[in-house]
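Letter by letter, the chains look like this.
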Amino acid sequence: EVKLVESGGGLVQPGRSLKLSCAASGFSFNDYWMGWVRQAPGKGLEWIGEINQDSSTINYTPSLKDKFTISRDNAQNTLYLQMSKLGSEDTAIYYCARFGTYDVMDAWGQGASVTVSS
Amino acid sequence: DIQMTQSPASLSASLGETVTIECRASEDIYNGLAWYQQKPGKSPQLLIYNANSLHTGVPSRFSGSGSGTQYSLKINSLQSEDVASYFCQQYYNYPLTFGSGTKLEIK
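From first to last, the protein sequence lines are chains A and B.
Each residue of the first sequence is one higher than the one before, counting from 1 in our numbering.
Each residue of the second sequence is one higher than the one before, counting from 1001 in our numbering.
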């Protein structure tokens, strides 16, 4: 069974940093592109970015490129999202997703909640 | 960026009815379109890719169609478990972008 489990969410003060992890199991992690999507409370979905199998290609949505960094550790079957200079606008549920055939997200984690507040 | 305009924002229909959700792209996306279903309190799940291909395990009452800039998701014989929000997403070009979503309720 394909499983993606996010961790590392919580309450963080404005201007601080936070790193999310996504542990993958049930599939060959190093064969897939992986990515992150977020959803602000009561809002729609926003693609953050994606990383290819060997980390040689990372794509970001332009507005977040200077704040967020996506990385992965294939030996640990883990995807990461490093977030810096957090503001209230970054309050959201952060989902980790697997990119299957045709660059669509065919598996999603349960999400990690991040609240940015003083 | 390619803008995805989704309509309606909300929809109420009776069990057994057929509903259609529309998605319009700001430019031709050459069938690079997916539909996702997000049930309340859950993560999104893939329904349709390549505009009209049903993802594994998705009931056949869901179907997708369209081309160019206009796409639609149809749900036949609406079931209670179809209560959810539905999002379209284009993957023809970066950055990947989503529609604003359609919230489907049962009358």
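What the hints contain is simulated information worked out from the structure, not anything from laboratory work.
Mixed in with the good hints there might be a few duds.
Which residues of chain A face chain B? A partial, calculated answer using Cβ under 8 angstroms [to be verified]:
| id | residue |
| --- | --- |
| 1 | G42 |
| 2 | I58 |
| 3 | T61 |
| 4 | G87 |
| 5 | D103 |
| 6 | V104 |
Listed next, the in silico BS3-like pairs over lysine-lysine satisfying Cα-Cα at most 27 angstroms (straight line) [stated by the list, open to error]:
| id | chain 1 | residue 1 | chain 2 | residue 2 |
| --- | --- | --- | --- | --- |
| 7 | A | K19 | A | K3 |
| 8 | A | K19 | A | K85 |
| 9 | A | K3 | B | K1107 |
| 10 | B | K1039 | B | K1107 |
| 11 | B | K1039 | A | K43 |
| 12 | B | K1103 | A | K65 |
| 13 | A | K19 | B | K1074 |
| 14 | A | K43 | B | K1103 |
| 15 | B | K1107 | A | K85 |
| 16 | A | K43 | A | K19 |
| 17 | B | K1103 | B | K1042 |
| 18 | A | K43 | B | K1107 |
| 19 | B | K1042 | A | K43 |
Even glycine gets a Cβ: it sits at the ideal position worked out from N, Cα and C.
Within 27 angstroms, alpha carbon to alpha carbon, are K43(A) and K19(A)?
22 angstroms, holds
Evaluation of the interface hint that places G42(A) against chain B, nearest CB under 8 angstroms:
10 angstroms, violated
Interface hint check: I58(A), Cβ to nearest Cβ on chain B, cutoff 8 angstroms. Holds or violated?
With Cβ-Cβ at 11 angstroms, over 8 angstroms, it is violated.
K19(A) and K85(A) were given as a pair; does the straight-line alpha-carbon distance stay at or below 27 angstroms?
12 angstroms, holds
Holds or violated: K3(A) and K1107(B), Cα atoms, limit 27 angstroms.
Distance of about 34 angstroms is beyond 27 angstroms: violated.
Under 8 angstroms is the threshold here; is the Cβ of G87(A) close enough to any Cβ of chain B for the hint to stand?
Constraint on G87(A) not satisfied, violated at 20 angstroms.
Does the closest beta carbon of chain B sit nearer than 8 angstroms to the beta carbon of D103(A)?
With a closest approach of 5 angstroms, the D103(A) hint holds.
Just to be careful, I want the Cα atoms of K1039(B) and K43(A) compared with a cutoff of 27 angstroms; is the pair within it?
14 angstroms, holds
Tell me if the straight-line CA distance from K1042(B) to K43(A) falls inside 27 angstroms.
OK: K1042(B) and K43(A) at ~14 angstroms, within 27 angstroms.
Cut-off 8 angstroms, beta-carbon criterion: hint that V104(A) touches chain B
4 angstroms, holds
Could you grab the alpha-carbon distance between K1107(B) and K85(A) and see if it respects the 27 angstroms cut-off?
At roughly 44 angstroms apart (the allowed maximum being 27 angstroms), K85(A) and K1107(B) break the hint.
Distance restraint between K43(A) and K1103(B), which requires alpha-carbon spacing of 27 angstroms or less
At roughly 11 angstroms apart (the allowed maximum being 27 angstroms), K1103(B) and K43(A) satisfy the hint.
Going through the hint list in order, the structure does not satisfy hints 1, 2, 4, 9, 12, 13, 15.
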